[in-house]
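*Asks:* For reference, the chains in residue letters:
There are 2 protein chains.
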Amino acid sequence: MTKGFPILTPEQAAALVKHNETVGFGGFTAAGACKVIPLALAERAKAEHAAGRPFKLGVLTGASTGKSLDGALAAAEAIAWRTPYQSDPTLRKAINEGKTKFFDLHLSAVQPTVRSGVLGKVNWAIVEASRVTPEGEITLSTSVGCSNTYVRMADHVLIELNAYHPAELTGFHDLYEPADPPHRREIPIYAPTDRVGSTVIKVDPKKIAGIVHTNKPDESGGFDAPDPVTTKIGENVAKFLVDELRVGRIPASFLPLQSGVGNIANAVIGALGSSAGIPPFMMYTEVIQDSVIDLIEKGKCTFASGCSLTVSPAKLQQIYKNLEYYRSRIVLRPQEISNSPELVRRLGLITINTAIEVDLFGNVNSTHVMGKDLMNGIGGSGDFTRNAHISIYTCPSVAKKGAISTIVPFVTHLDHSEHSVQVVVTEHGIADLRGKAPHERAMAMIENCVHPEYRQLMKDYLTISNKGHVPQTLQNAFGMHQAFLQTGDMRNTKWLS
Amino acid sequence: MTKGFPILTPEQAAALVKHNETVGFGGFTAAGACKVIPLALAERAKAEHAAGRPFKLGVLTGASTGKSLDGALAAAEAIAWRTPYQSDPTLRKAINEGKTKFFDLHLSAVQPTVRSGVLGKVNWAIVEASRVTPEGEITLSTSVGCSNTYVRMADHVLIELNAYHPAELTGFHDLYEPADPPHRREIPIYAPTDRVGSTVIKVDPKKIAGIVHTNKPDESGGFDAPDPVTTKIGENVAKFLVDELRVGRIPASFLPLQSGVGNIANAVIGALGSSAGIPPFMMYTEVIQDSVIDLIEKGKCTFASGCSLTVSPAKLQQIYKNLEYYRSRIVLRPQEISNSPELVRRLGLITINTAIEVDLFGNVNSTHVMGKDLMNGIGGSGDFTRNAHISIYTCPSVAKKGAISTIVPFVTHLDHSEHSVQVVVTEHGIADLRGKAPHERAMAMIENCVHPEYRQLMKDYLTISNKGHVPQTLQNAFGMHQAFLQTGDMRNTKWLS
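Taken in order, these protein sequences are the chains called A and B.
For the first sequence, our numbering begins at 5 and goes up steadily by one.
For the second sequence, our numbering begins at 5 and goes up steadily by one.
With the rest of the complex left out, here is chain A (with noise of 0.2 Å):
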């Protein structure tokens, strides 16, 4: 199958990348991403330094990766610049220790701000597959990210070819690049289900400059099982969707679902297909994570469109032994694709993701901590939350057993504003800030989302601050954090006045 193509150790695939390269690696989260050229990459670059020469690459990636590339590139020091989205632990303490540059990008913009040529050549397309041809046609594996724009731009493709993974996954993917304007059409999407380009990556056969055969699972770690927070935000998320289809905002066929990554997203999907107020319903969503799984064999998901794969090697290998029954119900597209602006809008999407901080106006922090250190990057959030039917954050009450508040005067960092933000829930309850004035919406957060114990807190804020059409007071507005900042405590907080 790989007849015609310089069959390559990993070694020999990294002795192929030079210092200063710019490559762009497929995959989207640990799904999909490659596992054996990024590790010898990262020992060539150990090697390299050693012997007192440079080795440092730009890394484009879809999403976040497995630790065998973030991981390992970050721990080389590897790595030049890097963007969008990761989850490392590694490479987010380069990143905030300032030894390692980031800029972050909307997923949805990562192919179209690569096609503008705005970050330079892209040198290699080191892709991870389940089926490669002898003309070139090249069947991803468990997610897409921007393997098929990095693929077509690359001078020279390397590929995984993982054997963990089935060929029959031909069929799978939908790989649809549009033209950038002025020539650019609609993307012919009007469902969740709609299939409007190749199934495969088709590339001149001359472009791949070797393959390495692997076999080797996805790096995905599992999920919490839901605890009585995560379950009773779920319940909340629900209750506020079977009231908005009662009284007619969603029709009675539902509108498609997105969902952010991570435990509460999981558990807030679980509880939305436990409830039996809400009818069977399709995902478009950016990654298809177990609970979605569960929910497809039980009826109650119809159909899940998503970037990537990102189940546990238990869901998987469930997935695998079923096939033909996946088949007709999953469909993995590009990143500009699952997260598109024009479809978010379109396709009349309910959006829920998971926030690090609220404020009481209603503007989501999504990536940094006490305004300074990165978490994770924006991810998909600004895709979906800005042109959603209708955005709604998550978050619990409280982190650090109490010590902080996720509900705060002012965000350390504004990454989705008031404007976009429409609906947030914690295990409290839920605040609908649409059609309210800030004031209004500050009185929704502290009643039924604040946790109780911050509550007289928050309204003494708004108390001293109450002028203006934004009730806020510069002097205080980082009151809190600077509290936790010198105490350790959120708690202590004392308002200037």
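Hints may be right or wrong, so weigh each one.
All copies of an identical chain are treated as equivalent in the list; a pair is satisfied when it fits inside any one copy or across any two copies.
Distance condition first, Cα-Cα at most 20 Å in a straight line; then the derived PhoX-like pairs of lysine-lysine [stated by the list, open to error]:
1) Lys210 x Lys71
2) Lys236 x Lys471
3) Lys97 x Lys440
4) Lys220 x Lys325
5) Lys206 x Lys471
Derived by calculation from the structure, the hints in this document are not laboratory data.
The hints should help you fit chain B onto chain A, whose structure is shown.
*Replies:* Frame of chain A, contents of chain B only:
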């Protein structure tokens, strides 16, 4: 021509509207805004209040209006709540004093939000027209705004038939209203010149409660002539775009331009028009201002699509004297189409908007002063910035004779995040933030955009904040604003260490 419809005085029309009802006013900016019925409503409110009876309305508009609408209703305390954008001094004061409830919406979101039902029923649509037929075909005047949606959804319609505008305006409007999800299709516009809708609003004649005859010009002011600062900003924008064209990041045929509202925007468009390096271009924008008309006459702007024709009275007469010339060069669309995220991205707009303040990392404040007081509202800036091919913000580097630096460490209200803002231009130069990490962005802003008097202060901020992915220090983040509030001059800032 108005045979069959009740002809009313403004007072008779106003008498039909009841306390607590919601009115959707046509128009967008002062162009095409109603002029006599709202004045009569304001008089009625004053009389009711004098008699001890309540009289307040929910007021939906397209965007800002003229003084006879927002100004008169605000002075009469006749507005219970108001959305979206406004720019009237009396109304602004009432909002900032907490007397009038105001919530903001992205202008492209107003029509979908009203259709969703979340703002309740629209009792009345009150629109200005240049022509009405007995069959209920309404030709609008100098703008569209949300008129098509308000007229369709309202229980009753009142029309100001304004003889100041020629009936021959029929054909200047292109009214397209998308279906709501799950039945939504693409908006079939692929070039600024495409026409896809109706030239008139068609309404059941029985819904027309009456027509008021008027003959009044739009209450649009003129623009200040460009001054040395706005001229230099315009030249810098032109320089940036010429460079992008040269390196091929803008195609040789150029891309459509969007430009914000006001004196800076007017000067920028003028400067682009004078630049020999910029080829003739089209506008796909929200507000068509005076400078666009000048460029159409010079052949530099070959077509302008907008939501309103907000020009000075003299310029409007120039157009009306030459209607057939302009018929093939101007189209007016509903704001959900002029500002559509789908179309902004598809057409590849170069967007140029004005900031109140920008921070070192590229976050933009478009709406509030010192975190509290509403200036006008977000308008369409978010619609355009988020999905632009290239998003540019302009501002003078200082205000109040240098006592305020418009570039600060942390914006006091955040409307457009660093994830969406690509380029910042002041009279001092161009900060191209694309592909730059936060620390690099800050250096680009200091070296190119910050006023020389503030550069050392900003460098010192980076020195004390030099940790983390974003070099921020919460205790100093609003230090410049605090210095201004306490001493009247940001140059007195002392950083806390």
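*Asks:* Now, for every hint given, state plainly whether the structure supports it.
*Replies:* Now the hints, each set against the structure:
1. Lys210 x Lys71: So Lys210 and Lys71 fail the 20 Å test inside a copy (31 Å) and across (68 Å) alike.
2. Lys236 x Lys471: neither (35 Å within a copy, 37 Å between copies)
3. Lys97 x Lys440: between (40 Å within a copy, 19 Å between copies)
4. Lys220 x Lys325: within (17 Å within a copy, 74 Å between copies)
5. Lys206 x Lys471: neither (61 Å within a copy, 45 Å between copies)
When each numbered hint is compared with the structure, violations occur for hints 1, 2 and 5.
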